[in-house]
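For the record, the sequence lines run as chains A and B. Heads up, the first sequence is in full-length UniProt numbering, so the first residue is 1 and it goes up one at a time. Heads up, the second sequence is in full-length UniProt numbering, so the first residue is 1 and it goes up one at a time.
By construction, these hints were calculated from the structure, which means they are not laboratory data. We treat Cβ as the ideally placed atom computed from N, Cα and C, and that holds for glycine. Some hints could be false.
[To be verified] Some chain A residues well away from chain B (every beta-carbon gap over 10 Å; in silico):
{"id": "1", "residue": "E85"}
{"id": "2", "residue": "S134"}
{"id": "3", "residue": "T156"}
[As the list claims (entries may be wrong)] Example chain A residues on the side facing chain B (calculated, C-beta under 10 Å, incomplete):
{"id": "4", "residue": "Y138"}
{"id": "5", "residue": "V186"}
{"id": "6", "residue": "I187"}
2 protein chains.
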Amino acid sequence: TLELPNKESNQTPANVRHRKHRRGGRSSQGHGSGRCSGRESLDKALASFLNWQQSAEERAEAPSPSVYLSKRGNSIRQHQGTLQEGFVQYAANKYHVTDNPEGIINLGTSENKLCYDLLHARLTRPDMLYVEPSLLQYSDWTGRTFLREEVAKFLTHYCGSPKTLNADNVVVMNGCGSLFSCVAAVICDPKDAILIPTPFYGVITDDVDLYSDVKLFHVHLDCEVTIKDYRAFHLTVEKLEEGLTKAKQEVAVILMNPHNPLAEIYTPEEMIAFLEFAKRNDLHAIVDELYMLTVFDESVTFHSVLSLDSLPDPLRTHVMWGLSKDFAMSGIRAGTLYTENRELVEALAQLGCFHGIPGTVQHQVAQLLQDRAWIDNEFLPENRRRLKAAHSFLTGELRSMGIPFLDRPAALFVWADLREYLQESSFQEELNLWRCFLRHNVLLSCGQAFSCSTPGWFRIVFADQHLHLGGLSQHLYLLFILCKLYLFSV
Amino acid sequence: TLELPNKESNQTPANVRHRKHRRGGRSSQGHGSGRCSGRESLDKALASFLNWQQSAEERAEAPSPSVYLSKRGNSIRQHQGTLQEGFVQYAANKYHVTDNPEGIINLGTSENKLCYDLLHARLTRPDMLYVEPSLLQYSDWTGRTFLREEVAKFLTHYCGSPKTLNADNVVVMNGCGSLFSCVAAVICDPKDAILIPTPFYGVITDDVDLYSDVKLFHVHLDCEVTIKDYRAFHLTVEKLEEGLTKAKQEVAVILMNPHNPLAEIYTPEEMIAFLEFAKRNDLHAIVDELYMLTVFDESVTFHSVLSLDSLPDPLRTHVMWGLSKDFAMSGIRAGTLYTENRELVEALAQLGCFHGIPGTVQHQVAQLLQDRAWIDNEFLPENRRRLKAAHSFLTGELRSMGIPFLDRPAALFVWADLREYLQESSFQEELNLWRCFLRHNVLLSCGQAFSCSTPGWFRIVFADQHLHLGGLSQHLYLLFILCKLYLFSV
Numbered sequence: 001t002l003e004l005p006n007k008e009s010n011q012t013p014a015n016v017r018h019r020k021h022r023r024g025g026r027s028s029q030g031h032g033s034g035r036c037s038g039r040e041s042l043d044k045a046l047a048s049f050l051n052w053q054q055s056a057e058e059r060a061e062a063p064s065p066s067v068y069l070s071k072r073g074n075s076i077r078q079h080q081g082t083l084q085e086g087f088v089q090y091a092a093n094k095y096h097v098t099d100n101p102e103g104i105i106n107l108g109t110s111e112n113k114l115c116y117d118l119l120h121a122r123l124t125r126p127d128m129l130y131v132e133p134s135l136l137q138y139s140d141w142t143g144r145t146f147l148r149e150e151v152a153k154f155l156t157h158y159c160g161s162p163k164t165l166n167a168d169n170v171v172v173m174n175g176c177g178s179l180f181s182c183v184a185a186v187i188c189d190p191k192d193a194i195l196i197p198t199p200f201y202g203v204i205t206d207d208v209d210l211y212s213d214v215k216l217f218h219v220h221l222d223c224e225v226t227i228k229d230y231r232a233f234h235l236t237v238e239k240l241e242e243g244l245t246k247a248k249q250e251v252a253v254i255l256m257n258p259h260n261p262l263a264e265i266y267t268p269e270e271m272i273a274f275l276e277f278a279k280r281n282d283l284h285a286i287v288d289e290l291y292m293l294t295v296f297d298e299s300v301t302f303h304s305v306l307s308l309d310s311l312p313d314p315l316r317t318h319v320m321w322g323l324s325k326d327f328a329m330s331g332i333r334a335g336t337l338y339t340e341n342r343e344l345v346e347a348l349a350q351l352g353c354f355h356g357i358p359g360t361v362q363h364q365v366a367q368l369l370q371d372r373a374w375i376d377n378e379f380l381p382e383n384r385r386r387l388k389a390a391h392s393f394l395t396g397e398l399r400s401m402g403i404p405f406l407d408r409p410a411a412l413f414v415w416a417d418l419r420e421y422l423q424e425s426s427f428q429e430e431l432n433l434w435r436c437f438l439r440h441n442v443l444l445s446c447g448q449a450f451s452c453s454t455p456g457w458f459r460i461v462f463a464d465q466h467l468h469l470g471g472l473s474q475h476l477y478l479l480f481i482l483c484k485l486y487l488f489s490v
Numbered sequence: 001t002l003e004l005p006n007k008e009s010n011q012t013p014a015n016v017r018h019r020k021h022r023r024g025g026r027s028s029q030g031h032g033s034g035r036c037s038g039r040e041s042l043d044k045a046l047a048s049f050l051n052w053q054q055s056a057e058e059r060a061e062a063p064s065p066s067v068y069l070s071k072r073g074n075s076i077r078q079h080q081g082t083l084q085e086g087f088v089q090y091a092a093n094k095y096h097v098t099d100n101p102e103g104i105i106n107l108g109t110s111e112n113k114l115c116y117d118l119l120h121a122r123l124t125r126p127d128m129l130y131v132e133p134s135l136l137q138y139s140d141w142t143g144r145t146f147l148r149e150e151v152a153k154f155l156t157h158y159c160g161s162p163k164t165l166n167a168d169n170v171v172v173m174n175g176c177g178s179l180f181s182c183v184a185a186v187i188c189d190p191k192d193a194i195l196i197p198t199p200f201y202g203v204i205t206d207d208v209d210l211y212s213d214v215k216l217f218h219v220h221l222d223c224e225v226t227i228k229d230y231r232a233f234h235l236t237v238e239k240l241e242e243g244l245t246k247a248k249q250e251v252a253v254i255l256m257n258p259h260n261p262l263a264e265i266y267t268p269e270e271m272i273a274f275l276e277f278a279k280r281n282d283l284h285a286i287v288d289e290l291y292m293l294t295v296f297d298e299s300v301t302f303h304s305v306l307s308l309d310s311l312p313d314p315l316r317t318h319v320m321w322g323l324s325k326d327f328a329m330s331g332i333r334a335g336t337l338y339t340e341n342r343e344l345v346e347a348l349a350q351l352g353c354f355h356g357i358p359g360t361v362q363h364q365v366a367q368l369l370q371d372r373a374w375i376d377n378e379f380l381p382e383n384r385r386r387l388k389a390a391h392s393f394l395t396g397e398l399r400s401m402g403i404p405f406l407d408r409p410a411a412l413f414v415w416a417d418l419r420e421y422l423q424e425s426s427f428q429e430e431l432n433l434w435r436c437f438l439r440h441n442v443l444l445s446c447g448q449a450f451s452c453s454t455p456g457w458f459r460i461v462f463a464d465q466h467l468h469l470g471g472l473s474q475h476l477y478l479l480f481i482l483c484k485l486y487l488f489s490v
């Protein structure tokens with residue numbers, strides 16, 4: 001359910017927005033500066049905000065076409081969304097508590113930065129420094145046998161599969177982005193489309209398009225709660241069916257559980273219904289379970305589709321998982337696909353040469369996945385404890401600021417409703433607010449990067465050690481003030 | 001020059017082939033079995049050979065189309081050349097001196113297996129087991145700054161660059177296959193073509209086609225020595241110009257130095273001429289220098305194009321190098337591109353997310369490249385010494401068997417002329433001979449896998465420890481006998 005922090009904000013944001021009109025050009029001096037209440041940090045923020053407004057029109061333009069690149073090459077080069085734009089700025093100016101305290105705090109990229117100490121201790125054990133001849137040589141492009149066997153055992157156990165999963169059904173590549181690209185290439189022809197409910201993790205758009213020229217067809221979920229539909233962004237079979245009737249040439253549907261960015265956990269009954277929908281319509285179902293172990297409320301159980309006694313359409317169901325989120329190592333580049341469709345595996349093997357993982361890292365990943373003592377007794381419990389604490393901290397702050405959000409016990413982020421702080425309900429306004437945050441060294445992800453149908457929603461990542469240590473409180477408060485400043489700069 | 005082991009073989013192979021006629025169906029019992037001279041191993045080989053002939057028609061068919069894959073996906077899945085077919089069989093049945101002495105010896109895949117002891121000692125030093133937070137996180141998709149800086153320093157030194165090379169011009173990806181794929185995607189549009197002299201390392205065909213739908217246009221080099229052209233497979237600007245007039249929509253040319261499979265080393269004057277040709281015709285020049293440190297004759301000096309005072313067309317010249325060959329670690333997946341064209345770098349950065357290398361491995365590679373003491377005093381001299389010994393051994397065996405070959409002081413293989421052992425000059429016959437070798441547990445690469453215009457040439461890799469230890473002598477002799485058996489089974 002959509003969390004509404006207090007009764008006042010129960011009025012719909014549309015009402016709030018009615019009172020505003022669009023900020024015009026540079027006539028922006030008359031904002032509510034009296035609200036700053038004398039704090040030095042707020043003065044700084046205000047000065048910075050004014051400075052930002054003056055340069056608001058001086059935005060970076062898309063680069064002009066290069067004579068050295070093909071039409072496709074220019075299109076690839078010029079492609080840049082806000083997720084990437086934000087990350088590039090962050091990478092060049094990272095916040096560090098002592099070395100760069102004025103740097104950018106990244107609450108936009110979904111990474112778990114809470115458990116580095118645990119990972120460091122495990123990844124520097126002697127078993128990780130292992131070399132043998134075959135690890136330095138060419139091998140199977142779907143992943144080495146010893147790794148695929150460990151992945152199969154791991155998924156059998158942690159997905160609660162009723163049968164032992166088969167290593168021959170496992171494909172390992174350097175990240176799930178690579179798997180999305182490959183799967184799109186072999187189940188779709190160019191210009192084909194894949195159905196996906198919105199909002200969704202926006203990078204998938206590029207994953208299936210850049211190389212494979214496959215498009216996503218959006219099924220928009222509504223943020224408004226109605227009598228008919230009591231859950232915000234509620235995914236139902238009816239909405240999928242409706243989307244499909246509008247679409248052409250769809251060959252697959254992407255389902256995420258736990259969901260990114262909603263952090264929604266779907267029940268086995270819901271997932272079965274979605275998979276039955278896919279089967280009825282001869283659609284491949286690509287099931288992204290990247291956050292399956294990132295559920296930090298003990299009272300909630302995640303159910304993998306691999307735990308089902310039988311899949312509705314096993315040869316068209318392909319389950320993705322990886323180490324980036326659940327083991328907090330996006331920099332290690334390891335994603336896995338489980339599918340009973342051997343023809344798909346054979347096709348993926350052909351593209352695997354572009355997505356290979358070093359043999360030595362395949363050994364390390366296999367060592368990690370088989371170390372159940374470390375996973376069950378050290379990493380998972382402590383990781384969950386820290387995630388829960390960080391989630392509580394962020395959601396507490398949001399509540400105190402009166403910002404509505406979806407309260408879910410999974411993933412590394414919350415989906416927050418900042419519609420109240422837009423001067424009008426438009427994606428340009430959302431982008432302006434996103435840039436305002438970034439200008440003030442806070443990187444978030446805005447809803448349009450996730451193809452959200454309503455402007456004003458933001459994904460805020462809480463799994464950052466700075467936040468864990470409590471150092472982010474002031475930043476969040478500033479963020480809130482900035483929202484207010486932005487809102488009243490009419 | 002083409003090495004002709006004795007005067008008798010100085011007669012052109014065409015003359016030899018005149019005496020033969022095509023082997024018909026199963027009427028193949030009348031071969032020269034009297035030549036076996038009673039050795040047990042030869043008896044075994046003969047029995048095996050007869051057995052092989054009987055099953056010669058039972059070849060694996062291409063798989064039938066899958067209803068679960070797209071047209072493109074089926075095409076990708078069904079794509080399989082002899083390089084791949086051979087490697088799959090080898091991977092399932094690898095020779096091992098004690099564990100699997102009847103397994104396949106791989107003289108087909110270009111890997112350096114001579115220096116594992118040196119690599120193991122270096123790769124298990126404590127500096128290789130290093131983890132820090134940023135290595136586990138997302139980063140720059142062209143390679144981390146510390147790695148690109150080390151690559152730039154390394155190339156500056158080992159390519160003998162007159163100026164310090166710039167880390168911003170370096171792109172690092174998981175292998176040169178990935179770099180070929182990406183570069184093709186951004187400088188070509190679908191169906192565009194790239195000019196390439198043949199024979200050439202055949203995997204490049206897939207590298208530029210599978211994802212990027214770019215074709216290669218072949219410029220055939222002739223194996224015959226004439227008065228006009230005294231070098232076998234001689235690459236000249238005239239041949240490139242002639243090729244270009246026949247081609248359409250060419251946007252680039254691929255140049256390899258040292259060459260694969262010819263092991264030819266081109267002089268700076270030749271390379272400048274090729275680069276001037278590219279410039280005159282507005283072609284990108286992709287210069288593959290993967291074997292630049294694999295030159296084992298001290299009297300021969302390799303010159304990288306990066307050693308030139310100035311490149312004819314620096315914004316269209318892109319130089320590839322990697323660790324697979326020169327550092328004998330194809331399983332580590334690290335390829336580098338050096339280009340002054342920042343627009344190209346920007347485009348590649350967009351595709352880099354599909355070709356990322358683990359952060360920890362980027363650290364290891366950087367450590368290795370900066371360890372000049374190890375490279376200069378330990379690895380390179382000993383590697384060259386072993387390569388030279390292995391090359392001498394193989395070429396000695398070939399000479400004693402009267403098999404002509406190109407005698408070159410570089411790379412990991414020799415390009416050998418087995419035309420004499422084909423029953424007729426056809427690629428089907430070449431394939432039959434290749435399958436005959438494989439059936440007898442010796443994997444080679446045949447010329448058609450490298451688009452050689454004349455049937456009967458084979459690439460034989462000598463950089464194998466079994467060969468280094470002298471254990472391959474018997475296999476090579478058997479191979480020779482098999483050739484003879486095959487030839488006389490008319």
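Here is how each hint holds up against the structure:
1. E85: holds (13 Å)
2. S134: The claim breaks: A/S134 does not keep its Cβ more than 10 Å from every Cβ of chain B (closest is about 7 Å).
3. T156: Label holds. Min Cβ-Cβ 24 Å, cutoff 10 Å.
4. Y138: holds (5 Å)
5. V186: holds (3 Å)
6. I187: holds (6 Å)
In the structure shown, a violation is registered for the earlier hint numbered 2 alone.
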